[in-house]
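Sequence order for the protein chains is A and B.
Residue numbers for the first sequence follow our numbering, beginning at 35 and rising by one.
Residue numbers for the second sequence follow our numbering, beginning at 35 and rising by one.
Calculated directly from the structure, the hints in this document are not laboratory data.
Among these hints, one or two may not hold up.
Since the list gives no way to pick out one identical chain from another, each pair is judged satisfied if it fits inside one copy or across any two copies.
[Unchecked claim] No farther apart than 20 Å at their CA atoms in a straight line, the calculated lysine to aspartate or glutamate pairs in the EDC-like style are these:
#, residue 1, residue 2
1, K278, D95
2, K278, E299
3, K198, D139
4, K278, E205
5, K278, E196
6, K278, D139
7, K76, E320
Number of protein chains: 2
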Amino acid sequence: MQQHLRYLARIEAGIESFLLPADTPPARLHEAMRYAMQGGGKRLRPVLVLAATDAFPRGPDSADPLPAALAVECVHTYSLIHDDLPCMDNDDLRRGRPTVHRAFDEATALLAGDALLTEAFALLANHYATRPALAHALARELASAAGSRRLIGGQMADLLAEGKSGTSAGELEFIHLNKTAAMIEASLAMGGACAGASRQESESLRTAGRHLGLAFQIIDDVLDGISDSATLGKTAGKDARAGKATYVAVHGIAAARNFACEQTEAAVSAFRRLSGDTAFLTSLAEELLGRIR
Amino acid sequence: MQQHLRYLARIEAGIESFLLPADTPPARLHEAMRYAMQGGGKRLRPVLVLAATDAFPRGPDSADPLPAALAVECVHTYSLIHDDLPCMDNDDLRRGRPTVHRAFDEATALLAGDALLTEAFALLANHYATRPALAHALARELASAAGSRRLIGGQMADLLAEGKSGTSAGELEFIHLNKTAAMIEASLAMGGACAGASRQESESLRTAGRHLGLAFQIIDDVLDGISDSATLGKTAGKDARAGKATYVAVHGIAAARNFACEQTEAAVSAFRRLSGDTAFLTSLAEELLGRIR
Chain A
35 MQQHLRYLAR
45 IEAGIESFLL
55 PADTPPARLH
65 EAMRYAMQGG
75 GKRLRPVLVL
85 AATDAFPRGP
95 DSADPLPAAL
105 AVECVHTYSL
115 IHDDLPCMDN
125 DDLRRGRPTV
135 HRAFDEATAL
145 LAGDALLTEA
155 FALLANHYAT
165 RPALAHALAR
175 ELASAAGSRR
185 LIGGQMADLL
195 AEGKSGTSAG
205 ELEFIHLNKT
215 AAMIEASLAM
225 GGACAGASRQ
235 ESESLRTAGR
245 HLGLAFQIID
255 DVLDGISDSA
265 TLGKTAGKDA
275 RAGKATYVAV
285 HGIAAARNFA
295 CEQTEAAVSA
305 FRRLSGDTAF
315 LTSLAEELLG
325 RIR
Chain B
35 MQQHLRYLAR
45 IEAGIESFLL
55 PADTPPARLH
65 EAMRYAMQGG
75 GKRLRPVLVL
85 AATDAFPRGP
95 DSADPLPAAL
105 AVECVHTYSL
115 IHDDLPCMDN
125 DDLRRGRPTV
135 HRAFDEATAL
145 LAGDALLTEA
155 FALLANHYAT
165 RPALAHALAR
175 ELASAAGSRR
185 LIGGQMADLL
195 AEGKSGTSAG
205 ELEFIHLNKT
215 AAMIEASLAM
225 GGACAGASRQ
235 ESESLRTAGR
245 HLGLAFQIID
255 DVLDGISDSA
265 TLGKTAGKDA
275 RAGKATYVAV
285 HGIAAARNFA
295 CEQTEAAVSA
305 FRRLSGDTAF
315 LTSLAEELLG
325 RIR
C-alpha cells in the first residue's frame, strides 16, 4: 500500500514537471492538456510501468521508467478525451469532472488529445536520448499497442458493436483484448524494457498484461452495472443504455465475475513465472478484483 | 520533372505496400485510413524527404528514406482529417473528394486520424529497427514537429485567430511557422538524417524548410483567394468567409506575393549552402512559387 502511494506520488510529480507549463503558447491548448492529465484516476497503466521495472533487480543497464510511465498515461488520457467527444461516447463526466470538451470546447479537446498522443512519443524520444536503442524499443512497443490493430482498433470495433444485437463472444474478446488489454500489456513490457528484461521475461509480462487487461475490463463492466455515478466518477449504467457490447450484457453478471477471477488468477500465475519480486504486482491484481467481490 | 514523377511513383507505391490492407480488422477503420492516404495531393512533404536524402552522396550509412517519407505523409494526412472535422473547419471537400467524415462518419474520421498519427511512429520504429539510433533521431524530429508547440500549436492558434479582428503580424507568423513550416522543416531534416547529414547540414535543411514552409503557406493563401474549388480540389474562398487569419487578409495580395518570392529566395539560398546536389530542391521551390506568378 505504501509502495502504491509512492508510485502515485512519483507519477503525479512527473506529470507536473514533465508536461509543458500551462502558459506555453498556445496557452489554451496546454491548459487543456494539463487539465486532462491532472484529472487523477487510478493511474493503473503508469503504476504498472513503474512496478514492472521494480520487479527486476536494478542492473547497470536499468533506466528510469518514469518518462515511459508518463508516455503511457499520455496515450491513455488522449484516448479518453477522444472517446468522450460527442461523435464518440458523448460523455459529460470523467473522473468526477467535466470532460475536456465540456470544460473547454470540442476543437480544443480534439487537439489536446492529438497533442498528448504526440507528446507520448516526444517524451520517449527526449528522455531516453542517451539510450537510443531503449528509446526505439519503447516507441515500438507503444506505437504497436496504441495502433489501428490494437487500442484504436478496439475502440472502432466497440463503436461498430454498439446498439447491434447479438455481439458474439469472439467480437467481444477482440474489443477487450485491444481496447483495454493492449495498453496494459505494453505498460508491463515497457517497464520490463527499462529494467533490461530478456525477451522471455517480456513475453511473460505481456501474457500477464493480457490476462490482467481482460480482468480489468470485465471488472469495469461489472462496476458500471452495479455502481452509481458518484462512486465511479463517470456516468454509471451508461453502457447498458447505450447498447454497448459488454461482457455483462453478453454473458451475464455471474459469468462476468467468474471470468474476472479466472483472468486475475492467470495474470498472477504469469507474474509468478518472473524471476524477480512480483509481490506488488500480484497484490495489485488481487486488489483490482476485490472491487467486485 | 522526370525526377519528380519518380518520387511520386515511389510514394504512391509505398502507400500501397506499407499501409495495412483495407480488410484488416476492423475493416472500416483501415478502409478510412487508406481512403485518406490515397487521396492524391501534391505529396510535397514526402517528396521533400526523398529529395533531401538524394541531395547528399550515398554513403555506407545511408538508409532508405521511404518509410520516413510515408511517416511524414501519415502525420500530414491525419492533420487534414482532423482539421476537416465539423468541430474544426467543417469541410466537405478535400483533394477533390468528400472528406473522410463525409465519406465515412465523424467517429471513423476521428479514429482514422488518430491511427495515422500512431502509424507514423510505428513506421519509423518498425522499418528502421536495425538502425535504432536513426529510428530514434527520426521519431524525435517528427514528434517535435507534430507536437503542441509546432503543428498542433499552429492549428490551435489558427483556430483562436479565426473571426477575431486584428490578428497581428506576429500571431500570423506563429501560425504559419508552426502549422505549415514545422512539418516541411522536419521533412527535409528527416531526409537529411537518412543520408547521414551532419548537424550543420541538418540546420541548413531546417532553415531552408522554414523559408519554404512560409512561402508555401502564403502561396496557398493567395491561391485560396484567386482560384475556384475545381482548381484547388478543396472549397475555395473559404478562408476569407471564415474570417481566417491569412497573410492575404492581414497584408494584402501584393505584399503576399512579394513575401512568397522573398521566402522562396531565402529557401533557395539555404539549399545552395548544402554541399550536395540541390538542383531538384531549388527547382521545386521555384515551381511552387510559379503557381502564383
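Do the hints match the structure? See the list:
Taking identical chains as interchangeable, the C-alpha atoms of K278 and D95 are never at most 20 Å apart, the minima being 45 Å within one chain and 52 Å between chains. With identical chains, the CA atoms of K278 and E299 are never at most 20 Å apart, being 27 Å at best within one copy and 57 Å at best between copies. In this assembly of identical chains, the alpha carbons of K198 and D139 lie at most 20 Å apart only when taken from different copies (17 Å versus 30 Å within one copy). For the homomeric pair K278 and E205, the shortest alpha-carbon distance inside one copy (12 Å) is at most 20 Å, but the shortest distance between copies (45 Å) is not.
Proximity of K278 to E196 under the C-alpha cut-off of 20 Å is restricted to the intra-copy arrangement: shortest distance 5 Å within a copy versus 38 Å between copies. In this assembly of identical chains, the alpha carbons of K278 and D139 lie at most 20 Å apart only when taken from different copies (19 Å versus 26 Å within one copy). In this assembly of identical chains, K76 and E320 lie within 20 Å of each other by CA distance solely inside one copy; the values are 15 Å within and 55 Å between copies.
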